[in-house]
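K.L.:
So the chains spell out like this:
Number of protein chains: 2
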Amino acid sequence: MNTVYGMKASGNCYKLQLLLEQLGQPYRWIETDSTTGETRTPEFLAKNPNGKVPLLELEDGRRLPESNAILCFLAEGSRFLPDDRWQRAQVLQWLFFEQYSHEPYIAVARFIAKWLPADHPRQADLPKLRERGYQALGVMEKQLARTDFLVESGYTIADIALYAYTHEAHVGGFDLDAYPAIRAWLARVEVQPGFVPQSY
Amino acid sequence: MNTVYGMKASGNCYKLQLLLEQLGQPYRWIETDSTTGETRTPEFLAKNPNGKVPLLELEDGRRLPESNAILCFLAEGSRFLPDDRWQRAQVLQWLFFEQYSHEPYIAVARFIAKWLPADHPRQADLPKLRERGYQALGVMEKQLARTDFLVESGYTIADIALYAYTHEAHVGGFDLDAYPAIRAWLARVEVQPGFVPQSY
Numbered sequence: 001m002n003t004v005y006g007m008k009a010s011g012n013c014y015k016l017q018l019l020l021e022q023l024g025q026p027y028r029w030i031e032t033d034s035t036t037g038e039t040r041t042p043e044f045l046a047k048n049p050n051g052k053v054p055l056l057e058l059e060d061g062r063r064l065p066e067s068n069a070i071l072c073f074l075a076e077g078s079r080f081l082p083d084d085r086w087q088r089a090q091v092l093q094w095l096f097f098e099q100y101s102h103e104p105y106i107a108v109a110r111f112i113a114k115w116l117p118a119d120h121p122r123q124a125d126l127p128k129l130r131e132r133g134y135q136a137l138g139v140m141e142k143q144l145a146r147t148d149f150l151v152e153s154g155y156t157i158a159d160i161a162l163y164a165y166t167h168e169a170h171v172g173g174f175d176l177d178a179y180p181a182i183r184a185w186l187a188r189v190e191v192q193p194g195f196v197p198q199s200y
Numbered sequence: 001m002n003t004v005y006g007m008k009a010s011g012n013c014y015k016l017q018l019l020l021e022q023l024g025q026p027y028r029w030i031e032t033d034s035t036t037g038e039t040r041t042p043e044f045l046a047k048n049p050n051g052k053v054p055l056l057e058l059e060d061g062r063r064l065p066e067s068n069a070i071l072c073f074l075a076e077g078s079r080f081l082p083d084d085r086w087q088r089a090q091v092l093q094w095l096f097f098e099q100y101s102h103e104p105y106i107a108v109a110r111f112i113a114k115w116l117p118a119d120h121p122r123q124a125d126l127p128k129l130r131e132r133g134y135q136a137l138g139v140m141e142k143q144l145a146r147t148d149f150l151v152e153s154g155y156t157i158a159d160i161a162l163y164a165y166t167h168e169a170h171v172g173g174f175d176l177d178a179y180p181a182i183r184a185w186l187a188r189v190e191v192q193p194g195f196v197p198q199s200y
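Top to bottom, those sequences are chains A and B. Going by our numbering, the first residue of the first sequence is number 1, and it counts up by one from there. Going by our numbering, the first residue of the second sequence is number 1, and it counts up by one from there.
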């Protein structure tokens, strides 16, 4: 059985929970709190030198970090990752978009707004984070106005990866009123077979 | 023939130039300067709504953004992207590491140090960028002390992606003296068949 070192409150970790549930694959979850230093202990750094969760550990001890690389690995051969070379490339471009142009703004705004005290200096970052986050939402809206899911072939790990923080964008102060295609897509993701909500 | 919209000075764009040369695939390069707004024109945004280079355009007009997704697409079926599922997962984890934990620090420090005036307010970001950039270099050093290339199977697009900005880390003020395995790896990359240096 696979083991996931993860933190329930992290969208990056929730991605794996959602995919594993939808694949119907049993797994062990070891809650690992990065906010209290549990990903920076010598023991954890020996498992992942980059000191981050999620981390996948196979039964034979091999380990894989990076949420979106883990999604690709687990989804291989399933309906969540198309075989077609062009469709796969589309999935990958959304996964890289998520990590570079979406997560650093939408996830970080959520973290600051929800977990840091109101007088914390990082609260000053919020306007810039929101500006960039809205740009990312604009790119998604344009795509989702044309196709039901991010990649034309249907629901894939690209949707899982982008659902993870978009469904909590409001926590970081993002207003989705002007993004009807995103709102409809969130609802479509939530009725996929095996869907489980994030709970923490 | 494929077309690349790219900027020679950008490491993200250089990745594609390096892989295409090593694949021996002819391509057309359309120099597109993001620093003068060429990636934000209505014409370019119609091609890539995220307003970034590189962008790959196939002969039939289909387009693919995101440097590392393009690397995967182009390298499919070649020796630069292993077929083995576990080795592929390793390649992908380094590609996501590059975009999330390396490029935002090492490429951005290079940009600020090289292109922004000495009295620009963003110069104040450099100490934090260097701290995070050294963390990323530490993760690479640990791997490269054990294996000749980032993935055990040999030279792959993971090396291309991480070479792109690591070879210019010094421009952003990073000192590689304490990273002998990285320095040896840079030299190994530079003698790969078909290697071309970045020139701009």
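No wet-lab data here; the hints were simulated from the structure. Note that the structure is a prediction, hence the values are computed from the model and not measured. Glycine is no exception: its CB is placed at the ideal position from the N, C-alpha and C atoms. Heads up, a few of these hints could be off.
[As the list claims (entries may be wrong)] Cross-link-like lysine-lysine pairs, in silico, BS3-like; alpha carbons within 30 Å at most:
| id | chain 1 | residue 1 | chain 2 | residue 2 |
| --- | --- | --- | --- | --- |
| 1 | B | LYS128 | B | LYS142 |
| 2 | B | LYS114 | A | LYS47 |
| 3 | A | LYS142 | A | LYS128 |
| 4 | B | LYS47 | A | LYS128 |
| 5 | B | LYS8 | B | LYS47 |
| 6 | A | LYS114 | A | LYS142 |
| 7 | B | LYS114 | A | LYS8 |
| 8 | B | LYS47 | A | LYS114 |
| 9 | B | LYS114 | A | LYS114 |
| 10 | A | LYS142 | B | LYS128 |
| 11 | A | LYS128 | A | LYS114 |
| 12 | B | LYS142 | A | LYS128 |
| 13 | B | LYS142 | B | LYS114 |
| 14 | A | LYS8 | B | LYS8 |
| 15 | A | LYS47 | B | LYS8 |
[To be verified] Distance windows between CB atoms, simulated:
| id | chain 1 | residue 1 | chain 2 | residue 2 | range |
| --- | --- | --- | --- | --- | --- |
| 16 | A | GLY37 | B | LEU116 | 33 to 41 Å |
| 17 | A | ILE30 | B | GLU190 | 22 to 30 Å |
| 18 | B | GLY154 | A | ARG62 | 36 to 44 Å |
| 19 | B | ALA118 | A | GLY37 | 42 to 50 Å |
| 20 | A | ALA124 | B | VAL171 | 24 to 32 Å |
| 21 | A | ALA124 | B | LEU116 | 17 to 25 Å |
| 22 | B | ASP125 | A | GLY138 | 23 to 31 Å |
K.L.:
Would you mind marking each hint as holding or not holding in the structure?
P.N.:
We went through each hint and held it up to the structure:
1. Restraint check for LYS128 of chain B and LYS142 of chain B: satisfied, since their Cα atoms lie roughly 22 Å apart, inside the 30 Å limit.
2. Taking the CA atoms of LYS114 of chain B and LYS47 of chain A, the gap is near 36 Å; set against the 30 Å cutoff, the hint is violated.
3. For a cut-off of 30 Å, the pair hint linking LYS142 of chain A to LYS128 of chain A stands: about 22 Å separates their Cα positions.
4. This hinted pair checks out: LYS47 of chain B and LYS128 of chain A have alpha carbons roughly 25 Å apart, not beyond 30 Å.
5. Straight-line distance between C-alpha atoms of LYS8 of chain B and LYS47 of chain B comes to about 19 Å, which keeps the hinted pair within the 30 Å bound.
6. Of the supplied pair hints, the one linking LYS114 of chain A and LYS142 of chain A holds, its CA atoms being roughly 28 Å apart against a limit of 30 Å.
7. This hinted pair does not check out: LYS114 of chain B and LYS8 of chain A have alpha carbons roughly 41 Å apart, beyond 30 Å.
8. About 36 Å separates the Cα atoms of LYS47 of chain B and LYS114 of chain A, which puts this hinted pair outside 30 Å; it is violated.
9. Of the supplied pair hints, the one linking LYS114 of chain B and LYS114 of chain A is violated, its CA atoms being roughly 36 Å apart against a limit of 30 Å.
10. A threshold of 30 Å between alpha carbons decides the hint, and for LYS142 of chain A with LYS128 of chain B the separation of about 34 Å lies outside it, so the pair is violated.
11. A hinted pair counts as satisfied when its Cα atoms are at most 30 Å apart, and LYS128 of chain A with LYS114 of chain A qualifies at roughly 17 Å.
12. At most 30 Å may separate the alpha-carbon atoms for a hinted pair to count; LYS142 of chain B and LYS128 of chain A exceed this at roughly 34 Å.
13. A threshold of 30 Å between alpha carbons decides the hint, and for LYS142 of chain B with LYS114 of chain B the separation of about 28 Å falls inside it, so the pair holds.
14. Proposed proximity of LYS8 of chain A and LYS8 of chain B is contradicted: the alpha carbons are some 42 Å apart, above 30 Å.
15. Of the supplied pair hints, the one linking LYS47 of chain A and LYS8 of chain B is violated, its CA atoms being roughly 37 Å apart against a limit of 30 Å.
16. For GLY37 of chain A and LEU116 of chain B, the Cβ-Cβ distance of about 35 Å falls inside the hinted range of 33 to 41 Å, so the restraint holds.
17. In this structure the supplied range 22 to 30 Å is violated for ILE30 of chain A paired with GLU190 of chain B, their Cβ-Cβ distance being about 41 Å.
18. As the Cβ distance of GLY154 of chain B to ARG62 of chain A is approximately 18 Å, the hint placing it in 36 to 44 Å is violated.
19. Between ALA118 of chain B and GLY37 of chain A the Cβ separation comes to about 37 Å, which falls outside the hinted range of 42 to 50 Å.
20. For ALA124 of chain A paired with VAL171 of chain B, a C-beta distance near 29 Å keeps the hint of 24 to 32 Å intact.
21. Restraint check, ALA124 of chain A to LEU116 of chain B: a C-beta distance of roughly 21 Å satisfies the suggested window 17 to 25 Å.
22. Against the hinted window of 23 to 31 Å, the Cβ-Cβ separation of ASP125 of chain B and GLY138 of chain A comes to about 25 Å, which satisfies the hint.
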